[in-house]
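Going down the list, the protein sequences come from chains A and B. Our numbering numbers the first residue of the first sequence as 1 and each following residue consecutively. Our numbering numbers the first residue of the second sequence as 1 and each following residue consecutively.
Since no wrong hints were added, every one of them can be taken at face value.
EDC-like mimics (lysine to aspartate or glutamate), calculated; alpha carbons at most 16 Å apart, straight line:
| no. | chain 1 | residue 1 | chain 2 | residue 2 |
| --- | --- | --- | --- | --- |
| 1 | B | Lys131 | B | Asp84 |
| 2 | B | Lys69 | B | Glu8 |
| 3 | B | Lys56 | B | Asp84 |
| 4 | B | Lys161 | A | Asp14 |
| 5 | A | Lys5 | A | Asp22 |
| 6 | B | Lys69 | B | Glu148 |
| 7 | B | Lys161 | A | Glu20 |
| 8 | B | Lys56 | A | Asp67 |
| 9 | B | Lys161 | B | Asp147 |
Heads up, incomplete: computed chain A residues facing chain B, CB under 8 Å, no partners named:
| no. | residue |
| --- | --- |
| 10 | Leu12 |
| 11 | Val48 |
| 12 | Val54 |
| 13 | Val56 |
| 14 | Ser57 |
| 15 | Val68 |
| 16 | Met69 |
| 17 | Ser71 |
Derived coverage of chain B by chain A (criterion: at least 3 residues anywhere in the stretch with Cβ under 8 Å from a Cβ of chain A; other residues may be distant):
| no. | segment |
| --- | --- |
| 18 | 19 to 28 |
| 19 | 51 to 57 |
| 20 | 114 to 128 |
| 21 | 133 to 146 |
| 22 | 166 to 174 |
Because the hints were derived from the structure by calculation, they are not lab data. Fair warning: this is a prediction, and the values are worked out from it, not measured in the lab. Just so it is clear, CB atoms sit at the ideal spot from N, CA and C, and this is done for glycine as well.
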Amino acid sequence: MNCEKIRPLIELYDILGESERDSVDRHVQSCTACKAVMQSAHAFRSQVISTRSVSVSLPHAAQFTGDVMASIQPAPRSGFSFWFAIRWSATVASMVLIGLLAFEWMDAPAAQIHTPVAGGIVLSRTTFAASLQQRTPHTMTDCADPLQRRLDPVCIRQHFHNLK
Amino acid sequence: MPPDRESELIRRAVAGDTRAFRELVETHQQFAYAVAFRFTGHRDDAKDVAQEAFVKLWKNLNRYRDTVKLSTWLYTIIMNQAFDHLKSSHRRASNRMEEVQDKTILSDGVEHERLELLETISRLSTTLTPKQQSVFVLRDMEGLEPDEVSVITGQDATQIKSNLYYARQAMREKLERHYQEAKTIRT
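Full structure from sequences and hints, please.
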């Protein structure tokens, strides 16, 4: 091999295979220019290798750990997002309660008829229907009026009766 | 740290256990700082890079597979973080050479010669291209085998040889020039 081909191999001597190293060794023995290059490369590599053992100690290691841990902690909730979360929680809770009441209204068994207490909350359709039957008809009822037709129990009862 | 213990800590940290992660940081922070220093040549930069690397490690820990060692994975993170840091702070420039010269003059006569040499070589290496610097630091300064360098940098054997060849040539010239200039300034 000539000098041109050997020079790059000299630079990479430490990672060469056995056959390539033999070629370099043989060439360097007979070529003073390449020998000088090899000595220079070897001197430089020795310098660099000598720095491997230098320990660069981390100053204030405990503080460093603390800084890293502070960086990975999730940010605390701001006041706005806290109240936002409370508002949403209240909304969801209300909707769940309304859902439960509606479920009770629709699915109450027919046998479960209670006498409604005056001023009490009517929770089932059957109880509500029974309460309508027990009521005396209102003298002022005018079921032609759209508002009364929707809200007055007598009109509602008439409506159910007509449906049957 | 025994590999089993490390695996357990990683598993716990992936599940969100910050105490387990803290233990991992405490175990590897010295190593991370030393590697970051070799890539940046500056103590403050090395600290920043190591810190950012651990934050990145925490964010990506669920992607870790134990087919590679944690230290190998950390090498990759630190290396990429160092390149980002050098790029963002515009430090990968020839003006770093001036800093090296100043440092040499100021610390002339101080006994930490090898530490100075390490600082000088590290800072000079930041003027190489990232690919050249990565193979030079990992192979020559850290003493890793070419296979490990390949895993960390993602370069194949041919690329490693090529980049190492140009890096060594450039570094030798830079170091010689640096000493000559320092000698001229002193006289």
